Amino acid sequence: MKKYLFLCIATFTNLIIYGQVNRSIRPAGSEAPIINIKESEVFTLPNGITVILSENHKIPRVSFNLVLGSNQIIEGPKAGLGSLAGELLMSGTEKRTKDQLDQEIDFIGATLRSSSQSIFMQCLTKHAEKGLDLMSDVLLRPTFPEEEFERLKKRKESSILSSKSNPGSMASNAEARANFPSGHPYGEIETEATLKDITISDVKNYYRGLFTPKGSYLVIVGDVTKEQAKRWAEHYFGTWQGHDKINSKYNDAYFHNGNRVMFVAKPGAPQSVITVSFPMHIKAGDKDQLLLTTLNGIFGGGGFGARLTQNLREKRAYTYGCYSRANVTEEGSYYSISGNFRTEVTDSAVAQILFELDRIQKAEVTDEELQGIKALLAGNFSRSLERPMTIAQFALNIIKYNLPKDYYQTYLKRLDAISKADILAAAKNYLTATGCNIIVVGNPDILEKLRKFDTDGAIEKLDALGQEVKELKKANISKEVLIENYLNAVTGSTSLKKALKKIAKIESLKRETELTASQIPMPIVKTDYYQGEDKEAMVLTMSGNTMQKSVFDGVKGYEEDQRGKTPMNQETLAAKKKVAGIFPEVNFAKNNVNYQLLGIEVVNGKEAYVVKFSDGVKETFDYFDVATFYKIRSISSEEGNEQIFNFGDFKVVSGIVLPYTMSIDMGGMTLNGIVKNIEINSKIDASIFE
Amino acid sequence: MYIWSHGNILPKLFIITPMKKHIVAMTALLSVGSLWSQQKKIDYVEYDLPNGLHVILHEEHTVPIVAVSIMYHVGSKNEKSDRTGFAHFFEHLLFEGSSNIKRGEYAQIVEKNGGTLNANTSQDRTYYYEIMPSNQVELGLWLESERLLHARVDKTGIETQRQVVKEEKRQSVDNQPYASFLANMSSRVFKKHPYNWVPIGAMEHLDAAQEEDYVNFYRTFYVPSNAVLSIAGDINIEETKKMIEKYFGSIPKGQGINMYRDFENLSDEAFITKYGVAKTLFTSTNFLKPTEPAAIKALQKQLATSTIIPKPSVIEEPIKGQQVDTIYDNIQLPGIFMGYRFPAQNDLDYPAIEVLNTILSEGASSRMNKNIVEKKQLAVEAFSFGMKSEDPGLGVVATIASDKVDLKLLQEAMDEEIARIQNELVSPEELQKVINQYENTIVSSNSSVAGIAENLADNFMYRKSTALINKQLSAYLTITREDIQRVAKKYLTKDSRVVLIYLPKSSN
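Each protein sequence line maps, in turn, to chains A and B. Start counting the first sequence at 6; every next residue gets the next number (the numbering used here). Start counting the second sequence at 4; every next residue gets the next number (the numbering used here).
Keep in mind the hints are simulated off the structure, nothing from the lab. Since the structure is predicted, the reported quantities are computational estimates derived from the model, not experimental observations. A couple of the hints might just be wrong.
Covered stretches of chain A (in silico footprint by chain B; criterion: 3 or more residues with CB under 8 Å from a CB of chain B, positions within the stretch not fixed) [unchecked claim]: (1) 62 to 74; (2) 156 to 162; (3) 170 to 176; (4) 271 to 281; (5) 384 to 390.
Lysine-lysine pairs mimicking DSS-like chemistry, simulated, CA-CA at most 30 Å apart [said to hold, decoys possible]: (6) A:320 / B:158; (7) B:43 / A:169; (8) A:201 / B:379; (9) B:115 / B:249; (10) A:135 / B:411; (11) A:250 / A:135; (12) A:63 / B:474; (13) A:231 / A:405; (14) A:159 / A:201; (15) A:43 / B:44; (16) A:235 / A:63; (17) A:159 / B:115; (18) A:554 / A:656; (19) A:209 / B:378; (20) B:282 / A:135; (21) B:282 / B:249; (22) A:250 / A:410; (23) A:135 / A:43; (24) A:583 / A:507; (25) A:475 / B:407; (26) A:320 / B:169; (27) A:681 / A:506; (28) B:467 / A:158; (29) A:169 / B:379; (30) B:43 / A:131; (31) A:433 / A:254; (32) B:115 / A:425; (33) B:411 / B:282; (34) B:378 / A:63; (35) A:454 / B:169; (36) B:508 / A:617; (37) B:43 / A:158; (38) A:159 / B:508; (39) A:466 / B:169; (40) B:249 / A:320.
Where a beta carbon is used, it is the ideal one built from N, C-alpha and C, also for glycine.
Can you build the whole structure from these sequences, using the hints too?
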């Protein structure tokens, strides 16, 4: 019997070696393997940490990821705070200096990383206790040393600088600003100015506010038993105590009708980065999420058969790759299509992307496309199970997004049930071809070719950090001539000599302005006083009570509010002296003020000359109407805080032209001012300047 | 790299990849990828087919998936100096289809059957793989055998892929800060050896090449005796062997494979002229069994003629003196790149060189990071790595400067670190630290079946012994502190190196 069997196999093998194979027959698969998803263990610690354990003993390695329950905070003028604080966690603890920490982590070959929202440690199982000791030390006892804070800030400055030459980060900065322009953490971009604003106490407050065990998760993955995991979790994280987690509220993403083109110049770039992006109304855990994933797979996210790849790479060879992504989170969701294209085909590529967006909303996808993407997603799903981290992530998602317990067990079944009609409905619901942000990073030569895609024809230009670029036309006069014309205009003179004479005759000026804003219940009265060449004072009152006062008598000065009086420091006094008076331009030359005429910009529909000058403390941009030479706007910024003054309704008072309306824009609040009274050369009480 | 990457494909083509949010991070090929500790043994079976194809099989049933891969022993170093970029170009071209797979269908077949695929090219080899559900292992084998036997190498495919490769170069080199450093460095460190150029090659060469050049490249390098078939995952070894016999055993050996390709592509007249027998004496399904004696004789002759694989044999002279050059690039922060000549990866000195590099720049506690980045704050990033190539290759020590830093001071600081490791022994703790770091890396490199398949093929192809996959750490355990000092002196030579200073274009 045995012998017979052996012969049989030998003949068979022989036949194959020398025998035929019909290669035109594609082999069919055998029976599909059964997908098993191992359950994760979930338990909680008394201090409020939810522990998720995914056991896997394939390799002797284990990882611990502590994820905070608090969401991202709005950082505003301190954008970058969270990432700085997260990184700084690793800069030393009460037990170890940074050098000791680094040394001990590397010595066991471990990975230990901290971020704004988490701390992660991975190492060989035999080093786990040492690794956990380091991890909990970083989490519980960080010291935030000053010199490391300064060093990291400097390093981040260099990072910001270097990101300005990276086309990918230029595009994603613009995209963030386009979709989430305000009041949302996704739209906050770290700049040199925001970085400068962050202090060490901000960092400590951040840590105290967000790092709390309540609501946080400890995700344990790898070569560890449940009993051991429990012991370790309790021993290393069980003593941690803290308040409730923080739940910040955000503004919505910016939804708009009509396509906007946003251009970021990268002179000499051999390729353009194109990103077409728009926000979506969907949140993580939504019942449509798998449907959206499937739709995105067919459109541009799902491999070789995806429409974007087939059209832009395979058919037209415009690009090495163009892909789309549905970014769906609890905080805000957006769709993003992106690729690198050679410069000459930039506009054609945009047209094709918009064409594909339009097409997928107009007609059902084919059976072949739908079957293809289902097979691909099922394959991705099965392959992802090789990573034990995936299993833990499933468990975390079920808890975080309140999904049905069998959400992932039924994944393949739900995928299989999706129809062509479902896909079309989702495309109509979530995608758009007429409410897009079309972001292009590339050579400025191609700009004009993109205008046709912008619904109102006005392309927005952004810099590398996603900030608006102010476009200036070249001025046709010199800065000296401009100042001369301005002084002539406000004094009604025909020569500078006459103008200066008239200004010299102004002994004093008192002006009362009533300021109103929707956020303030009653008007604020602002009174400005000027006397002689350099005395000035400003008083803010509300219902007759003085709220704020600022006084400069030509030599010294102070600021006063409800908290008390603060004398002006030397720096401020020097600055005040440089630009004192109603018309400080008179003394620009004498006081050695460095000023520049930048060019002509359009302000509220009027062309205006832009003059930039600095008094040493703050930088000011003044705008002079090209037709009348009146000063219609003044923007000053000091340490990242910007104030915009708009002037209007010009009237003649005692031969001098002065504005009777004034609005003040200060970071989110606008005060509308109407001038109630101006007195020139009336007597001003000397006590005002005391 | 061929298609999109959902995953973690280490870009072997260029060693630069933007990883962190802001700073351009560079990942070296150094230690990752081909090491393994004693802790969990990888079992495997290996054998040669009569046509010379080397087969390695690893069976494990943790997840119902399988990685099917072929590593071809052809990289940019096998190219002619006026036809650079060919090896990488083939990596693209060989997804175009085959006699039995329509154009553009190759990847779709994989995806529609729940798999994924990709490929990459280095100076020394080209690597293709599919990761499939385990019930589709036969499909994976069929696809790879089609690619090996009779891929579509024609005008249409060549034209499309030329454009795609040009875009790839623009995207990953021309438009990426510092990415040109590898080409600039290689051309200065190597004068004769083909490591003079980088895998992406020169676009003019791809343009100038004729269809015939491409066909010849395929006939020379894409033969079974120049390839390793490595399979890892949820398979049954005996059944898989049978499938391999079916799809790869049937591929003719020696020049027989090219005779078969001619049988498919040449006209009757051309075939007779070339082989002296008529095409009609052969069939495609049973090519190896013609019945006419004349046909048998002609076939035997081709089967007996082995394919010669051209390999570079030049020996480079040492770099003469210190050569300093300035490169102006679209960057914001200057960089200093120092290039040295390192030995081949099989050289006995190589493990000590790897340890040396790790002590200098791997991890937060490494010397260059501690001293140059953190203490002196002269740089934002510091690197040192070797290309780990088959022939003596490139070694690099590099930094990206902090903003507004005197580059002279930065270079002095780099030289100071090199001098210190040359003049003083490293501490025993530093050495132990590196061993611990490697142990972690080695264990992690085999966490996936795809990683195992590649590691097995790597060990066979480069180190001539698959068994070394289970002894990867041992090479490092015997290294002494004196060894590190010795290799530092021998290879990080100040009087024989290339220094490239990268400056922002605006300062030009």
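Subject >> Violations among the numbered hints >> reply: Structure breaks hints 7, 10, 17, 20, 28, 33, 34, 37, 40.
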